[in-house]
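Engineer: Spelled out from the first residue to the last, the chains are:
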Amino acid sequence: MTLRFYMPADAAAIALDADGVAAALIAAAGRRGVAISVTRTGSRGLHWLEPLLEVATDAGRVGYGPAAPEDAEAILDAVLAQAPHPLCIGAVDAHPFLRRQQRLTFARCGIVDPRSLEDYVAHDGYRGLERALAIGPTEIIAAVTASGLRGRGGAGFPTGIKWDTVAKAEAPQKYIVCNADEGDSGTFADRMIMEGDPFVLIEGMTIAGIATGATRGYIYVRSEYPHAIAALTAAITAARRGGKLGRNVAGSPYSFDLEVRMGAGAYVCGEETALLDSLEGKRGTVRAKPPLPAHKGLFGRPTVINNVLSLATVPVILDKGAAFYRDYGVGRSRGTMPIQLAGNIRHSGLFEVAFGITLGELVEEIGGGTTSGRPVRAVQVGGPLGAYFPPALFDTPFDYEAFAARDGLIGHGGIVVFDDTVDMAKQARFAMAFCAAESCGKCTPCRIGSTRGVEVIDRIIADDRREANLDLLQDLCHTLKFGSLCALGGFTPYPVLSAITHFPEDFGITPPRLEAAE
Amino acid sequence: MHGYLAWDETTARSIIDETWSIEGALLPMLHALQETFGYIEPEAEGLIAEALNISRAEVHGVITFYADFRTTPPPRHTLKLCRAEACQAMGGDRLAEQAMQRLGIAEGETTPDHRVSLEPVYCLGLCSVAPSAMLDGRIVGRLDARKLETLLAEVER
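Heads up: the sequence lines are chains A and B, in that order.
Numbering-wise (the working numbering), the first sequence opens with residue 2 and increments by one.
Numbering-wise (the working numbering), the second sequence opens with residue 18 and increments by one.
These are computed hints drawn from the structure, not numbers from a lab.
This structure is a prediction, so every number in the text was calculated from the model and none was measured.
Some hints here could point you the wrong way.
[What the hints assert, rightly or not] Quick list of in silico lysine to aspartate or glutamate cross-link-like pairs, DMTMM-like style, CA-CA up to 25 Å:
(1) A:K283 x B:D110
(2) B:K164 x A:E506
(3) A:K427 x B:E26
(4) A:K283 x B:E114
(5) A:K427 x B:E136
(6) A:K297 x B:E136
(7) A:K427 x A:E506
(8) B:K164 x B:D153
(9) A:K290 x B:E40
(10) B:K164 x A:E74
(11) A:K482 x A:E281
(12) A:K427 x B:E114
(13) B:K164 x B:E136
(14) A:K283 x B:E52
(15) B:K164 x A:D278
Take the sequences, apply the hints, and build the full model.
Structural biologist: Right, here's the structure in full:
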């Protein structure tokens with residue numbers, strides 16, 4: 002009997018020599034004359050345990066991690082002898098980190114073979130498309146709207162409304178564009194789904210095409226993600242061969258096909274209009290809105306542009322129904338959010354859960370505090386444009402509106418944890434410097450303001466007319482926030498101002514000054 | 018190590034011919050040229066402009082806008098160190114210092130013998146296994162002083 006092993010080919014696992022572990026395991030089995038197979042999957046998201054080797058047993062898949070190539074031999078012997086091994090974590094499905102989750106978007110990630118259409122279908126794949134074809138465009142859009150799904154890229158715009166606008170637009174050609182330019186530090190959910198379950202994204206885009214009358218799709222992936230590009234390209238080929246893309250999708254009257262396009266190292270291309278310009282073969286500069294991409298998008302045609310996670314969530318909504326999805330979550334934040342735990346956090350990885358869980362639960366209980374063992378001092382939520390929160394705000398529920406009410410944003414759901422060695426003035430300076438480096442240059446507040454921001458923060462740090470320069474920085478942030486064309490300039494004040502508000506001591510501000518400023 | 022072809026106009030023209038008809042051809046075309054030659058020879062700007070019926074200034078503007086496109090031949094090795102927030106939280110700054118000191122160059126520079134360039138990168142998406150690096154396309158997570166030393170020794174061989 003062949004022993005079935007599973008090893009992630011997710012970039013996070015490969016970066017920790019998952020390939021070496023797989024090779025060592027195959028070599029060890031060869032020496033013993035034992036028949037094994039090693040299926041390369043995506044990652045389950047328990048990244049502190051990567052590379053996490055799994056083996057199929059009568060009691061489900063049992064995990065061993067973090068495994069190094071030199072562990073492979075002993076793990077194989079332990080599996081063969083049904084003996085204990087120090088790296089064994091037991092049945093992976095029963096692990097508390099997974100049991101506390103509600104995996105809807107990531108239901109298959111880490112379990113299936115991302116290159117196999119058959120495996121995808123065997124794990125409930127393409128049931129959403131089947132349902133979509135049965136109910137037709139109007140009902141698809143009604144279901145997506147009723148589910149309460151909002152843009153997972155960070156803006157939180159209702160997906161159904163966007164689709165409806167494109168569906169109603171008249172044009173000879175419409176497009177579905179997937180924004181996979183996941184440039185925010187602390188985020189990797191898009192990468193994981195593209196590497197671990199690419200068919201769900203393809204299915205979601207196909208449904209979007211049918212709903213809106215678009216027949217062509219593009220997935221714009223950043224060039225820093227070569228493994229995701231390879232996985233998507235293979236999956237698109239498999240979907241085409243299986244009749245799930247191209248003319249008459251799944252035997253229906255609808256046609257839809259898509260291709261992958263690679264970015265070229267520009268953070269601002271994650272902004273939707275800059276992304277469209279980049280796809281058109283131009284510099285990635287931001288466009289003024291209106292016109293909205295839904296009216297005049299790619300090549301001036303009506304375009305649905307959605308984040309990877311938004312599109313990858315559509316199949317489960319169609320399959321299980323809008324009410325099923327909407328029943329998760331709180332307030333106006335419906336469904337689940339794939340949250341990414343990163344930076345200095347013990348249990349790092351992907352945690353998909355209904356909206357409403359508090360920041361403190363995520364960082365302390367689920368994340369287990371810092372890797373360094375030192376106290377948590379700050380967490381940045383929502384990427385480089387997200388606010389820094391101190392532990393005093395850990396009661397904030399993960400919810401679009403609750404974060405906005407505290408001058409923060411959930412963005413793409415990334416949480417980066419810092420311990421008490423962090424210098425928040427340095428982090429504020431970095432936020433401005435990053436904006437200066439990545440600004441597309443189209444609007445003045447972002448292009449010039451970010452550079453002036455770095456200079457002003459340098460003067461504050463050097464105690465050069467600190468009071469006056471703090472006022473100037475506040476004023477500059479106000480200009481950036483309200484005068485910039487897009488979120489790059491508009492949101493850079495979030496990390497800067499939150500650092501000053503919550504960590505004034507790092508800027509040499511004494512408490513009375515803070516009170517005066519409030 | 019890389020196996021790029023030396024710049025030649027005939028090959029460049031055939032790459033341009035293969036890619037000119039796709040929608041929004043410029044980025045795929047530039048990527049194809051760079052994958053072949055390792056960089057975009059300035060001479061190619063005119064060829065591209067002619068093929069796409071756009072001005073040479075527009076082509077130049079695109080090449081210089083995107084961080085990925087090079088206009089000079091690449092060094093033998095490129096070591097990218099992630100310098101974004103999640104890696105900062107895990108001591109990425111110290112590792113960058115170590116690499117700069119060891120190679121005797123600043124970030125964004127290439128060693129005088131053209132052996133290695135050290136480039137900052139803003140997020141490899143490996144934030145859960147930070148700090149991270151990429152050496153000639155090979156990704157490394159949970160980078161520490163010892164692992165970095167191994168990478169640096171590799172590029173010096």
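Engineer: Check each numbered hint against the structure and report the violated ones by number, ascending.
Structural biologist: When the structure is compared with the hints, numbers 1, 2, 3, 4, 6, 11 and 15 turn out to be violated.
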